[in-house]
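2 protein chains.
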Amino acid sequence: MYGLIGKMKAVEGQGEALLALMAGNIGPMPGCLSYIVARDPADPDAIWITEVWVDRDHHAASLGLAGVQALIARARPLIAGFGERFETEPAGGLGMLPEPGV
Amino acid sequence: MYGLIGKMKAVEGQGEALLALMAGNIGPMPGCLSYIVARDPADPDAIWITEVWVDRDHHAASLGLAGVQALIARARPLIAGFGERFETEPAGGLGMLPEPGV
Chain A
1 MYGLIGKMKA VEGQGEALLA LMAGNIGPMP GCLSYIVARD PADPDAIWIT EVWVDRDHHA
61 ASLGLAGVQA LIARARPLIA GFGERFETEP AGGLGMLPEP GV
Chain B
1 MYGLIGKMKA VEGQGEALLA LMAGNIGPMP GCLSYIVARD PADPDAIWIT EVWVDRDHHA
61 ASLGLAGVQA LIARARPLIA GFGERFETEP AGGLGMLPEP GV
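Chains A and B, in that order, are what the protein sequence lines are.
No gaps in the numbering here: position 90 of the first sequence is 90 in UniProt numbering, and each next residue is one more.
No gaps in the numbering here: position 27 of the second sequence is 27 in UniProt numbering, and each next residue is one more.
Since copy identity is lost for identical chains, a pair holds within one copy or between any two.
Keeping only pairs whose Cα atoms sit at most 25 Å apart, straight-line, the calculated SDA-like set for lysine to any residue is:
id	residue 1	residue 2
1	Lys9	Gly83
2	Lys7	Ala42
3	Lys9	Gly92
4	Lys9	Leu94
No lab work stands behind these hints, which were simulated from the structure alone.
The model shown is predicted, which means the values in this text are computed figures rather than measured ones.
Between the sequences and the hints, there should be enough to build the whole structure, so can you do that?
Below, the structure written as structure tokens:
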């Protein structure tokens, strides 16, 4: 499996708007086992996104999905930059969607 | 919701053992909506754990569960320390377990 942990910085004052946009518009994506959008209590203009994918290719392919591209276009004006970013290899745990027949 | 993103450092050479122990022994816990254990491809002796809980209290209470205490006792000799640690407030996304009647 392929995982990502990343911090997204919003334009000043737009943290909640970015959070709502991202958290409210995440639908099922081929190979996506977990995609969690969270507030950063230490920074009102930062959000954390933690992801688990069947593999790197499915993550890369998701960026070409029409829905994802539309969401990125809507989010771009709210994004000031990116903070920490860690790639991981999820090995197990709770709460991942069953691996769909990808 | 309450979330945690944390890096755990294993004793040198014990990264895979710690990963297997943690990933292989995570069972349902009251209020736990997601608990994912992952390898750090950049560091063979580090693992990442990302968690989502109904609230902070449920996370705190989990540390008192017999199964969790037993797992911590087994893991302690393999743990050299902790790296990055971020508290979050998950707001939405995919793959979280349905909120059990907690």
